[in-house]
Amino acid sequence: MTLLHTIYLIAITAEAMSGAIMGMRKGMDLFGICLLGSVTALGGGTARDILLGHYPVGWIANPEYLTFTIGAAIVTGFIARHLHHLRMVFLLVDGLGLVAFTVIGCDVAMSMGSHPSIVVLAGVITGIFGGLLRDMLCTQVPMVLQRELYATVALFTGLLYVALLHAGIGSNSASLLALGSGFLFRVLAVAFHWRLPSFQDKDIRGLD
Amino acid sequence: MTLLHTIYLIAITAEAMSGAIMGMRKGMDLFGICLLGSVTALGGGTARDILLGHYPVGWIANPEYLTFTIGAAIVTGFIARHLHHLRMVFLLVDGLGLVAFTVIGCDVAMSMGSHPSIVVLAGVITGIFGGLLRDMLCTQVPMVLQRELYATVALFTGLLYVALLHAGIGSNSASLLALGSGFLFRVLAVAFHWRLPSFQDKDIRGLD
Amino acid sequence: MTLLHTIYLIAITAEAMSGAIMGMRKGMDLFGICLLGSVTALGGGTARDILLGHYPVGWIANPEYLTFTIGAAIVTGFIARHLHHLRMVFLLVDGLGLVAFTVIGCDVAMSMGSHPSIVVLAGVITGIFGGLLRDMLCTQVPMVLQRELYATVALFTGLLYVALLHAGIGSNSASLLALGSGFLFRVLAVAFHWRLPSFQDKDIRGLD
Numbered sequence: 001m002t003l004l005h006t007i008y009l010i011a012i013t014a015e016a017m018s019g020a021i022m023g024m025r026k027g028m029d030l031f032g033i034c035l036l037g038s039v040t041a042l043g044g045g046t047a048r049d050i051l052l053g054h055y056p057v058g059w060i061a062n063p064e065y066l067t068f069t070i071g072a073a074i075v076t077g078f079i080a081r082h083l084h085h086l087r088m089v090f091l092l093v094d095g096l097g098l099v100a101f102t103v104i105g106c107d108v109a110m111s112m113g114s115h116p117s118i119v120v121l122a123g124v125i126t127g128i129f130g131g132l133l134r135d136m137l138c139t140q141v142p143m144v145l146q147r148e149l150y151a152t153v154a155l156f157t158g159l160l161y162v163a164l165l166h167a168g169i170g171s172n173s174a175s176l177l178a179l180g181s182g183f184l185f186r187v188l189a190v191a192f193h194w195r196l197p198s199f200q201d202k203d204i205r206g207l208d
Numbered sequence: 001m002t003l004l005h006t007i008y009l010i011a012i013t014a015e016a017m018s019g020a021i022m023g024m025r026k027g028m029d030l031f032g033i034c035l036l037g038s039v040t041a042l043g044g045g046t047a048r049d050i051l052l053g054h055y056p057v058g059w060i061a062n063p064e065y066l067t068f069t070i071g072a073a074i075v076t077g078f079i080a081r082h083l084h085h086l087r088m089v090f091l092l093v094d095g096l097g098l099v100a101f102t103v104i105g106c107d108v109a110m111s112m113g114s115h116p117s118i119v120v121l122a123g124v125i126t127g128i129f130g131g132l133l134r135d136m137l138c139t140q141v142p143m144v145l146q147r148e149l150y151a152t153v154a155l156f157t158g159l160l161y162v163a164l165l166h167a168g169i170g171s172n173s174a175s176l177l178a179l180g181s182g183f184l185f186r187v188l189a190v191a192f193h194w195r196l197p198s199f200q201d202k203d204i205r206g207l208d
Numbered sequence: 001m002t003l004l005h006t007i008y009l010i011a012i013t014a015e016a017m018s019g020a021i022m023g024m025r026k027g028m029d030l031f032g033i034c035l036l037g038s039v040t041a042l043g044g045g046t047a048r049d050i051l052l053g054h055y056p057v058g059w060i061a062n063p064e065y066l067t068f069t070i071g072a073a074i075v076t077g078f079i080a081r082h083l084h085h086l087r088m089v090f091l092l093v094d095g096l097g098l099v100a101f102t103v104i105g106c107d108v109a110m111s112m113g114s115h116p117s118i119v120v121l122a123g124v125i126t127g128i129f130g131g132l133l134r135d136m137l138c139t140q141v142p143m144v145l146q147r148e149l150y151a152t153v154a155l156f157t158g159l160l161y162v163a164l165l166h167a168g169i170g171s172n173s174a175s176l177l178a179l180g181s182g183f184l185f186r187v188l189a190v191a192f193h194w195r196l197p198s199f200q201d202k203d204i205r206g207l208d
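Chains as they are written, first to last, in the UniProt record's numbering: chain D, 1 to 208; chain E, 1 to 208; chain G, 1 to 208.
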């Protein structure tokens, strides 16, 4: 599907830039920000492919993806100081990427005949593992486990997509509907600071 | 073997609860504690399967395992403050899980015709990698590399199991003997604070 | 190729010792330093094999590699305080290991018919991922992403090796030339403190 593929290429570019920016903050050199950008952009799909045993892994079958992520990281290294004007653009592209990664991840698992619950989970893993690996390489507790409805958006998008397909909706319509609804959910979650319940000191008092 | 499978399900539930509790301490949200609980419970088997190329990975072939781990994490989120009464139960179930994971890991590697040393190592990896990944996601130096005879218990259990099988003992008897001895070793190690030698400042003075 | 294999065995021994030393600094016990040493020495090849789907993974096919890494880690535990006399030897062996790992990694990817860019990347991953995993297990931002021309040496070695082969140079000559040039590059980079550009506060001001 061409639209999904276009969104994917835009998304990995944006994710690579976000990874590169975090690498710069950690004092990484040019190689470091290229690696961190690529891991952020391609780590979710890589984790999914390895867990599913889906070989060859995406960027190994399509090395041109690396051109996008490495190019984006290098450009970011030189223009990062001007990028704060674009924060809103980033947030939107990142949201678009999250739902596109999720739908693509579901497609891969479905093509392997996985159980529906694994299909949804493959979508969630594709959506969130890039950011998770980025944070681990920077030795931060992964943001996706702490804040905002990021993983929840991926879960919602995957569940909706699988449900629509099971209801007999065509593949193109289902992915467009899932992309649109998931993206809207993400925008609303950011705009209104929606969060999942997390836990207070009183919840864990007495545990050692 | 039904007994081993029952112990396995109890063990992944207990491990998921321990992961969830650590996630709560790190301020994770509900999604975070479900993921951390699942990684703690299933990460060892997943690492083993990926390293051995043993596909499909356990929880992908048996998605119902995720019901146990996610369910256990959610329940933990709401009752954690009452769990400190159960610390001793946890410690015992965790010890049982460690030896059960180890024996199961050995079985998987044996079914692939691996070298005996790899069979033992597959057991150890199954036993300890869940906790190791949990600690890495929480950006802590993995406890298993620092404290107590945790990995050593897995190594002992795996070595004993493989030795018993090579001595011609039947599979059921060998796993029961290995489970029992490994569990006893773990209980004694905890009760008497047994430790492996670690290293003091004087050992590394002068290294930069 | 016997020379390359000999260099490989020396290199995994040296890398295991460097991992063990870092484990001792983190207060790990004997098991911890064996695991950290083995991950440092064999983690690069393992990451490459898993990413390429190249099974069985190196040390599973050749468990005797573990004898080298575990043996080296244990010996290090007892003689570490005397090793600071050998710092220069370490640095040289580590450099030799880096280029040997890289050439071996390229060979593995080529044997699978990978795209030339993936061949080079497989070399780089083999060269640097051991140290990267070691640092992540110790919860440090990986040194290889921050300092010195370490990854760059791997990239240079891999590019040169692939270019020489494409130019029709025989396999043995190409690997010797790549090993020699890469090693010289590494020695010069360390001697003259060459670095890649990294980024200053002014480059990332205004980013949140």
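A portion of the hints provided could be inaccurate.
Claimed, not checked - When the alpha-carbon atoms are kept at most 30 Å apart in a straight line, the in silico DSSO-like pairs for lysine-lysine are as follows:
(1) G:Lys26 <-> E:Lys26
(2) E:Lys26 <-> D:Lys26
(3) D:Lys26 <-> G:Lys26
Read the hints as simulated data drawn from the structure, not as lab findings.
Task: Hints the structure fails to honour - done: none
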